[in-house]
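Modelling step: build the complete structure from the supplied sequences, incorporating the hints.
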Amino acid sequence: MKKMLLSCILLSISLTAYSNFEDTCNGVVTKMDDVIEEWYSFVKEYGAEKKNPSVISMYNDYKYSSMNTKLSKACINGWSKHSKLYKCLSGVRSGMSAAVCMHPDTNINRWVYE
Numbered sequence: 001m002k003k004m005l006l007s008c009i010l011l012s013i014s015l016t017a018y019s020n021f022e023d024t025c026n027g028v029v030t031k032m033d034d035v036i037e038e039w040y041s042f043v044k045e046y047g048a049e050k051k052n053p054s055v056i057s058m059y060n061d062y063k064y065s066s067m068n069t070k071l072s073k074a075c076i077n078g079w080s081k082h083s084k085l086y087k088c089l090s091g092v093r094s095g096m097s098a099a100v101c102m103h104p105d106t107n108i109n110r111w112v113y114e
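The numbering used here puts the first residue of the sequence shown at 1, with every later residue one more than the last.
Take the hints with a grain of salt, since some may be wrong.
As the list claims (entries may be wrong) - Lysine-lysine pairs mimicking DSS-like chemistry, simulated, CA-CA at most 30 Å apart:
no., residue 1, residue 2
1, Lys73, Lys44
2, Lys70, Lys50
3, Lys51, Lys81
4, Lys70, Lys81
5, Lys81, Lys63
6, Lys44, Lys70
What the hints assert, rightly or not - Each pair of labels, with its calculated beta carbon distance range:
no., residue 1, residue 2, range
7, Tyr64, Asn20, 27 to 33 Å
8, Lys70, Arg110, 15 to 21 Å
9, Asp105, Tyr46, 16 to 22 Å
10, Ser72, Arg110, 19 to 25 Å
Treat the hints as calculated values from the structure; they're not laboratory data. We put the beta carbon where it would ideally sit given N, CA and C, even for glycine.
Okay, structure coming up:
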């Protein structure tokens, strides 16, 4: 619980770093590139694959070097509907903080990586 709270605090601080959606989308790609392996391991460790199809898909694309391009296009094209989620993802520092972004309070429009 303390880790989750700390992650939330760090996320809120880092969200102020991006001023427009293109910068934020670039941040999403960079951060996901840094944390997807840890996030995937976290999902696998807890047997939560069925509840986290986006993580599984992102990880598979990451392995084949297509995640960054797909995620960038998804962010730019879906900004108007999913900006709150993308802002959150642009500030993650760990797999755990990425998981917090996917919580229904942040992922209000139920974004799914495709």
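Here is how each hint holds up against the structure:
{"no.": "1", "hint": "Lys73 to Lys44", "verdict": "holds (27 Å)"}
{"no.": "2", "hint": "Lys70 to Lys50", "verdict": "holds (21 Å)"}
{"no.": "3", "hint": "Lys51 to Lys81", "verdict": "holds (22 Å)"}
{"no.": "4", "hint": "Lys70 to Lys81", "verdict": "holds (17 Å)"}
{"no.": "5", "hint": "Lys81 to Lys63", "verdict": "holds (28 Å)"}
{"no.": "6", "hint": "Lys44 to Lys70", "verdict": "holds (23 Å)"}
{"no.": "7", "hint": "Tyr64 to Asn20: 27 to 33 Å", "verdict": "holds (30 Å)"}
{"no.": "8", "hint": "Lys70 to Arg110: 15 to 21 Å", "verdict": "holds (18 Å)"}
{"no.": "9", "hint": "Asp105 to Tyr46: 16 to 22 Å", "verdict": "holds (20 Å)"}
{"no.": "10", "hint": "Ser72 to Arg110: 19 to 25 Å", "verdict": "holds (20 Å)"}
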